[in-house]
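Asker: This is what each chain is made of:
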Amino acid sequence: MIAPIDHLMILPVILPAMAAAFLVLALRHHLRRQRMVSIVVTALLVGVAAWLFAQASDGTVRAYRLGDWPAPYGIVLVLDRLSATLLLLTAVLALCVVVYAAGGVDGRGRHFHPLFQFQLMGINGAFLTGDVFNLFVFFEVMLIASYGLMLHGGGPARLKAGFQYVAINLLASVVFLVGVGLIYAVTGTLNMADLAVKVPQVAAADAGLLKAGALLLFLVFATKAALVPLHWWLPATYAGTSAPVAALFMIMTKVGAYAIVRVYGLVFGDGAGPLAMAAAPLVIPAALLTLVLGTAGLLGSRTLRDLAAFAVIASMGTLLVAVGLFDADGLSAGLYYLVHSTLAGAALFLLAGLVQEGRGPAGDRLVPAPAMVGETLLGGLFFLCAIALVGLPPLSGFLGKVMILEAARASGLWPWIWALILAASLLMTFGFARAGSALFWASGPVSGTGPRLPIVPLGAVLALLALTLAWTLAAGPVADALQLTAHQALDRSVYIGAVLGPDARLAAGD
Amino acid sequence: MELLVAGVIGILTTVGIYLVLRAHTFPVILGLTFLSYAVNVFLFAMGRLVIDRPPVISPDAPAYTDPLPQALVLTAIVISFGMTALIVVLALRGYLETGSDRTTLDAARRTEDGDGA
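Those sequence lines, one after another, are chains A and B. In this text, residue positions in the first sequence follow the working numbering: the first is 1, and each later residue adds one. In this text, residue positions in the second sequence follow the working numbering: the first is 1, and each later residue adds one.
In case anyone wonders, no lab produced these hints; they're calculated from the structure. Model, not experiment: these values are computed from the prediction. Even for Gly, the Cβ is constructed at its ideal location relative to N, Cα and C. Warning: the hint list may mix true and false statements.
[To be verified] Derived DEER-like restraints, expressed as beta-carbon distance ranges:
id: 1; chain 1: A; residue 1: Ser437; chain 2: B; residue 2: Thr75; range: 48 to 58 Å
id: 2; chain 1: B; residue 1: Ala6; chain 2: A; residue 2: Leu299; range: 44 to 54 Å
id: 3; chain 1: B; residue 1: Leu21; chain 2: A; residue 2: Leu453; range: 22 to 32 Å
id: 4; chain 1: B; residue 1: Val5; chain 2: A; residue 2: Trp69; range: 24 to 34 Å
id: 5; chain 1: B; residue 1: Leu4; chain 2: A; residue 2: Gly47; range: 25 to 35 Å
[Unchecked claim] Listing some non-contacts, in silico: residues in chain B with all C-beta distances to chain A over 10 Å:
id: 6; residue: Leu32
id: 7; residue: Pro55
id: 8; residue: Thr75
id: 9; residue: Ala91
id: 10; residue: Gly94
id: 11; residue: Glu97
id: 12; residue: Thr103
Generate the whole structure from the sequences, applying the supplied hints.
Answerer: Right, dumping it as structure tokens:
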């Protein structure tokens with residue numbers, strides 16, 4: 001029996017779902033009211049996520065059984081420190097993005113706000129779910145909404161990029177189903193805690209089949225996380241869509257990274273017997289390649305949005321190096337960097353949107369053009385974004401990279417990790433400096449006819465950068481909390497005990 | 001029967017992969033459809049192939065077939081059906097707006113650059 005207040009755990013899924021349905025059915029033609037409802041609901045979501053975060057901070061793992069069906073038969077949601085952290089990050093990011101979008105972008109097509117809420121439902125569900133098939137379902141909810149958002153506003157370039165985005169994700173879904181099918185065929189369960197119990201007990205003859213399933217799932221998560229060589233859909237998608245959508249998509253790559261941590265930290269983690277660390281040897285080399293490729297793309301980009309998209313790829317590379325260590329130090333450094341790169345990357349995409357609007361015909365291409373209104377302010381903000389993303393002191397990107405480099409000393413590949421992360425940072429500095437001087441220094445006199453700086457979207461960018469700054473200032477206590485988070489996320493027995501009850505924990509031999 | 005089912009899954013997958021790798025939108029869509037058929041049959045077979053057995057509990061059933069893969073297949077069919085409809089519309093809109101049904105991004109980029117200059 002659970003206390004009534006524990007039912008709040010399902011709110012991050014229910015609240016956006018209800019809001020989306022309400023927006024579509026009742027407020028279909030009222031953009032202003034849609035904005036109000038969407039912003040209020042997202043603000044509520046921040047409140048709920050903060051409350052859940054406070055709940056999870058006591059260190060217990062909470063399982064919520066829908067309809068009170070016992071696990072592993074029923075659907076189960078699991079809240080621990082890791083999922084609570086990511087829920088809070090999603091909600092805060094979403095609030096900034098929806099405020100930016102309310103500045104006018106949401107009026108360029110229909111149904112921006114319902115799609116936005118459905119996307120939040122999918123993302124929150126993916127962070128909360130405790131079983132692999134529901135992970136698939138929430139991935140699909142998230143993707144279906146993202147197709148609509150990605151294409152919002154239309155235009156030939158966006159349609160072409162959208163087709164590729166949809167096609168690659170449909171393929172990934174097919175591979176996901178094959179992986180899920182193989183895992184179910186061998187173990188007879190898809191509940192993550194139950195899998196964590198049963199995977200070590202799999203007969204030797206079936207181990208190969210299970211490993212194939214595990215690696216297919218890894219391919220899917222790597223596609224979502226834009227790990228080389230499965231990254232190629234990302235630049236066209238992120239650079240092709242509107243600024244707020246690209247900013248929200250920052251969290252989608254993180255869903256891939258989260259799924260890798262969950263499935264490969266818990267199910268195929270240390271205690272998984274013959275299948276322990278099935279995918280682990282692949283992660284760090286692929287992540288380093290991702291970093292190199294992202295940096296190269298960043299140096300070669302011709303528009304600010306391309307540059308931001310490749311910065312995302314590079315940051316995913318750095319993040320996955322940390323995740324790929326699969327130990328508590330690596331994971332906590334990775335989580336610090338994850339939050340930082342989500343906030344700073346989103347700020348850069350929103351800023352690119354402002355630059356593109358302000359420069360008229362030149363758009364966000366990195367060529368000299370008449371100066372835009374408010375150039376000094378935008379230039380200053382770009383400078384801050386660049387410092388954060390490249391990882392120069394004093395902002396959180398620097399601290400995140402230092403933590404990752406520290407943690408990487410435990411790995412046998414540490415010379416490679418150090419050399420590539422440091423070299424990539426240097427090259428990224430060049431890339432950002434080139435873009436900044438083309439956009440803000442090599443400009444002619446102010447034409448005086450450009451549109452005025454929109455206040456509300458600017459506020460959203462400022463809020464994201466302020467959060468990055470706060471993340472830097474709070475680094476000490478945050479790092480301690482994330483250390484606990486990482487330990488809990490890699491502790492199989494606590495998770496199994498919370499979902500299946502203490503008996504299963506004993507049966508698992510932990 | 002195992003050989004037949006496995007063979008069908010293999011052929012559907014092969015055809016699907018070949019078509020997905022084509023450079024025009026229509027074959028890619030057909031390829032995705034083939035792949036989703038293949039995966040549906042595959043998921044179905046993952047509950048083991050059983051003939052003439054009920055999936056739900058009944059007093060006079062000697063044995064059961066696994067109902068869970070059937071539920072998974074149902075979910076997968078609904079999702080892939082909806083997605084196919086979406087991508088067809090998307091391909092059509094793309095064709096009408098750019099005048100080409102190639103899946104590469106170059107054509108669209110060129111138009112955009114042309115507009116911008």
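Asker: Just to be sure I understand the hint, the distance between the Cβ atoms of valine 5 (chain B) and tryptophan 69 (chain A) should be within 24 to 34 Å; is that true here?
Answerer: Holds - the Cβ-Cβ distance for valine 5 (chain B) and tryptophan 69 (chain A), about 32 Å, lies within 24 to 34 Å.
Asker: That 48 to 58 Å hint for serine 437 (chain A) and threonine 75 (chain B) (C-beta), does it hold up?
Answerer: holds, 52 Å
Asker: The output says glycine 94 (chain B) does not contact chain A. Does that hold with a beta carbon cutoff of 10 Å?
Answerer: Since the minimum Cβ distance to chain A is about 4 Å, glycine 94 (chain B) lies within 10 Å and the statement is violated.
Asker: Beyond 10 Å from every Cβ of chain A: is that where the Cβ of leucine 32 (chain B) lies?
Answerer: violated, 5 Å
Asker: Looking at glutamate 97 (chain B) again, its CB stays over 10 Å from all of chain A?
Answerer: violated, 5 Å
Asker: Holds or violated: 25 to 35 Å for the Cβ distance of leucine 4 (chain B) and glycine 47 (chain A)?
Answerer: The hinted range 25 to 35 Å is violated for leucine 4 (chain B) and glycine 47 (chain A), with Cβ atoms some 57 Å apart.
Asker: Just double-check alanine 91 (chain B) for me: nearest Cβ-Cβ distance to chain A has to come out over 10 Å.
Answerer: Since the minimum Cβ distance to chain A is about 6 Å, alanine 91 (chain B) lies within 10 Å and the statement is violated.
Asker: Is it correct that the beta-carbon of threonine 103 (chain B) has no partner in chain A closer than or equal to 10 Å?
Answerer: For threonine 103 (chain B), whose nearest Cβ neighbour in chain A is about 6 Å away, the distance does not exceed 10 Å, so it is violated.
Asker: Is the nearest CB of chain A more than 10 Å from the CB of threonine 75 (chain B)?
Answerer: Given that some Cβ of chain A is not farther than 10 Å from that of threonine 75 (chain B), nearest at about 7 Å, it is violated.
Asker: In terms of Cβ atoms, is chain A entirely out of 10 Å range of proline 55 (chain B)?
Answerer: holds, 15 Å
Asker: Given the hint of 44 to 54 Å, is the C-beta distance from alanine 6 (chain B) to leucine 299 (chain A) inside that range or not?
Answerer: holds, 48 Å
Asker: Does the beta carbon distance between leucine 21 (chain B) and leucine 453 (chain A) stay inside 22 to 32 Å, or does it fall outside?
Answerer: violated, 47 Å
Hint compliance for this structure: hints 3, 5, 6, 8, 9, 10, 11, 12 are not met, and every other hint is.
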